[in-house]
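Peer 1: The primary structure of each chain is shown beneath.
Number of protein chains: 2
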Amino acid sequence: MIERENLILPNGKGWITLASLIAEKKYSKLFILVDENTEILCLPIFYIKMEEMNEWKILKIRDGEKNKNIETCIELWQELLLEGADRHSLVINLGGGMISDLGGFIASTFKRGIDFVNIPTTLLGMVDASIGGKNGIDFKNAKNQVGTVNQPKLVVIEHSFLKTLPKEQLISGMAEMMKHSLISSKDSWNRFVTSDLNDKAIFENLIWESIEIKNKIVQRDPLEKGLRKTLNFGHTLGHAIESHCLDNPYREALLHGEAIAIGIILATFLSTELLGFPQNELLEVYNTIESYFPKQKFSKNEISNIIKLLSYDKKNIGGKVLFVLLEEIGKPKTDCFVSDSLIFNAFEFYEKS
Amino acid sequence: MIERENLILPNGKGWITLASLIAEKKYSKLFILVDENTEILCLPIFYIKMEEMNEWKILKIRDGEKNKNIETCIELWQELLLEGADRHSLVINLGGGMISDLGGFIASTFKRGIDFVNIPTTLLGMVDASIGGKNGIDFKNAKNQVGTVNQPKLVVIEHSFLKTLPKEQLISGMAEMMKHSLISSKDSWNRFVTSDLNDKAIFENLIWESIEIKNKIVQRDPLEKGLRKTLNFGHTLGHAIESHCLDNPYREALLHGEAIAIGIILATFLSTELLGFPQNELLEVYNTIESYFPKQKFSKNEISNIIKLLSYDKKNIGGKVLFVLLEEIGKPKTDCFVSDSLIFNAFEFYEKS
Numbered sequence: 003m004i005e006r007e008n009l010i011l012p013n014g015k016g017w018i019t020l021a022s023l024i025a026e027k028k029y030s031k032l033f034i035l036v037d038e039n040t041e042i043l044c045l046p047i048f049y050i051k052m053e054e055m056n057e058w059k060i061l062k063i064r065d066g067e068k069n070k071n072i073e074t075c076i077e078l079w080q081e082l083l084l085e086g087a088d089r090h091s092l093v094i095n096l097g098g099g100m101i102s103d104l105g106g107f108i109a110s111t112f113k114r115g116i117d118f119v120n121i122p123t124t125l126l127g128m129v130d131a132s133i134g135g136k137n138g139i140d141f142k143n144a145k146n147q148v149g150t151v152n153q154p155k156l157v158v159i160e161h162s163f164l165k166t167l168p169k170e171q172l173i174s175g176m177a178e179m180m181k182h183s184l185i186s187s188k189d190s191w192n193r194f195v196t197s198d199l200n201d202k203a204i205f206e207n208l209i210w211e212s213i214e215i216k217n218k219i220v221q222r223d224p225l226e227k228g229l230r231k232t233l234n235f236g237h238t239l240g241h242a243i244e245s246h247c248l249d250n251p252y253r254e255a256l257l258h259g260e261a262i263a264i265g266i267i268l269a270t271f272l273s274t275e276l277l278g279f280p281q282n283e284l285l286e287v288y289n290t291i292e293s294y295f296p297k298q299k300f301s302k303n304e305i306s307n308i309i310k311l312l313s314y315d316k317k318n319i320g321g322k323v324l325f326v327l328l329e330e331i332g333k334p335k336t337d338c339f340v341s342d343s344l345i346f347n348a349f350e351f352y353e354k355s
Numbered sequence: 003m004i005e006r007e008n009l010i011l012p013n014g015k016g017w018i019t020l021a022s023l024i025a026e027k028k029y030s031k032l033f034i035l036v037d038e039n040t041e042i043l044c045l046p047i048f049y050i051k052m053e054e055m056n057e058w059k060i061l062k063i064r065d066g067e068k069n070k071n072i073e074t075c076i077e078l079w080q081e082l083l084l085e086g087a088d089r090h091s092l093v094i095n096l097g098g099g100m101i102s103d104l105g106g107f108i109a110s111t112f113k114r115g116i117d118f119v120n121i122p123t124t125l126l127g128m129v130d131a132s133i134g135g136k137n138g139i140d141f142k143n144a145k146n147q148v149g150t151v152n153q154p155k156l157v158v159i160e161h162s163f164l165k166t167l168p169k170e171q172l173i174s175g176m177a178e179m180m181k182h183s184l185i186s187s188k189d190s191w192n193r194f195v196t197s198d199l200n201d202k203a204i205f206e207n208l209i210w211e212s213i214e215i216k217n218k219i220v221q222r223d224p225l226e227k228g229l230r231k232t233l234n235f236g237h238t239l240g241h242a243i244e245s246h247c248l249d250n251p252y253r254e255a256l257l258h259g260e261a262i263a264i265g266i267i268l269a270t271f272l273s274t275e276l277l278g279f280p281q282n283e284l285l286e287v288y289n290t291i292e293s294y295f296p297k298q299k300f301s302k303n304e305i306s307n308i309i310k311l312l313s314y315d316k317k318n319i320g321g322k323v324l325f326v327l328l329e330e331i332g333k334p335k336t337d338c339f340v341s342d343s344l345i346f347n348a349f350e351f352y353e354k355s
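Chains A and B, in that order, give the protein sequences.
If you count the first sequence from 1, you need to add 2 to reach my numbering.
If you count the second sequence from 1, you need to add 2 to reach my numbering.
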């Protein structure tokens, strides 16, 4: 069902549809955007899957969130021009969230918009970044400040790319899966907590469930007028933590999921304080996340800086930072005001638990 | 009629609607984008028209097409961030086509898109640039290579801004009015040729007619799948001439309309050669344009360079440069192939007539 509605297609079906799309649209040129990693690890798989075709032009960028910026965009727009890309060219984003965010933005703005396809190669990309049409780049230490909302022509989900991922990247993607379950239903959360994630078939089913949760939400509210905001659970502080670590020379950058995992714990604590979210479920969320993600430490000054970064959050209205919290699992509430002192308490809970 | 469909509103009605829009949407912050000229000449008029409100923040950029680039965008995104703009802020573009092109792009990409309003202060802006939602910037010597299609919330047409314009700017806008008439109908063209443009009321009616022609086309085909392409009559070579002069240290930059005026003559000549457009009407078009616009001279080398620049035209498909030509006045034909040698002939006709 999901497949027909939004053209998110798993494995074999995705590749066949990509081939038909290219044949039907008669694109003038075919570009594949890769980074240093996906060029080596994923492009060979792409070539095998699409062996009938061979007229690809490769656009290659440096790996890592720190390159998701306007300078990289300028390089890519220029390369597209030099390579003779026109309005009927196609860009295929082969990579994780950084590639689909940046490649989606490039394609959405080159000559006022050309077609693009997302082929996520990370777990995070599959269950989150590649779906819903949000694209963009970081700007002046704040995440995704410049971008558009524009749907890809197709998303190809190919589970075998997951084999190319280092373990921490796989775990990073699980933060978004947890978030999807937490905002969706107790059943979904329980399935996540109790399933054997080492069983390939079970894990792939959970991935598909996660894709479906996100896709249903973004289809009902593509421009984030209401429902889609719930997807920001854990992201308000998560993004600020991510920006803080990216920008701080004394800290190692966190993977997106690593920052979001902390953000989920903090937001769940705030939910307990402000909306009466059950204490025992807070501990379950905490323990589940702690079983996958290494604990981080933040000084008082760092927390202050993180709170300062909240002011760049795109969901803010009139200077107020608004959170998505949970009344209970599966019952998100948007536009919740949270005081700075309660945020300090949340960090204290996270660090002391 | 047009007013309800697309919220393009003349004079008094436009200002009242802008005030209601701001009241209704409760924007968190109101930004006005101006350049060095419109700050001095148009902002005072704006303040008088909107005297009930006073919480404006001014974004100021340097005047001129050469600043319609990514560097100016970076400055503006940064200023919006520093001034605390959020998703519920409004950008009002007060200026000519350069301001609405750039401001529309900034607003369409800041935090993945915020509302914007166009208040064109030039004739060109009123009859063309502010309508239809195309925005963008020039990139690497080629026009509007980066941008989006995204409609403004409202376009306010205030004729009294035209009094602030130098004469050549007013005439520049007339090139687009001529184009609208030429692709629309013989009646419209005859009205333009035979009317006394010094009569204020007659001229304002012609402006409104021109807005209606453009608006009907962009409403029927917002994403330029077919019909909207006809608006590119005169623009294929016109844009290349404009880029050539902008980039050439030995030439003075042409105003957009001045370049388009030449483009219209060239395209009409090509129409005669390729589609049997009537010779006598070619001369009428030529004479009408020559009565307003100064003649330019181009060397063989310059014409070669202009032809080279055609390859960046956004309408190109698969490396072929495609023109909009006229079978007769009011009957445009899109996707016409034109050889380089015929383009040389067209320049010869233009210069020798």
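The reader is advised that the hints may include incorrect statements.
Put simply, identical chains are the same to the list, so a pair is met inside one copy or across any two.
Cut-off 30 Å, straight-line C-alpha distance, at most; resulting in silico cross-link-like pairs (DSBU-like, lysine-lysine) [as the list claims (entries may be wrong)]:
(1) Lys59 - Lys202
(2) Lys322 - Lys302
(3) Lys218 - Lys27
(4) Lys68 - Lys142
(5) Lys28 - Lys333
(6) Lys227 - Lys59
(7) Lys202 - Lys27
(8) Lys302 - Lys15
(9) Lys227 - Lys155
(10) Lys335 - Lys28
(11) Lys155 - Lys218
(12) Lys202 - Lys354
(13) Lys155 - Lys188
(14) Lys231 - Lys155
(15) Lys142 - Lys62
By construction, these hints were calculated from the structure, which means they are not laboratory data.
Peer 1: For each hint given before, does the structure comply? Return the numbers of the non-compliant ones in rising order.
Peer 2: Per hint list: 1, 7, 8, 12, 13 violated.
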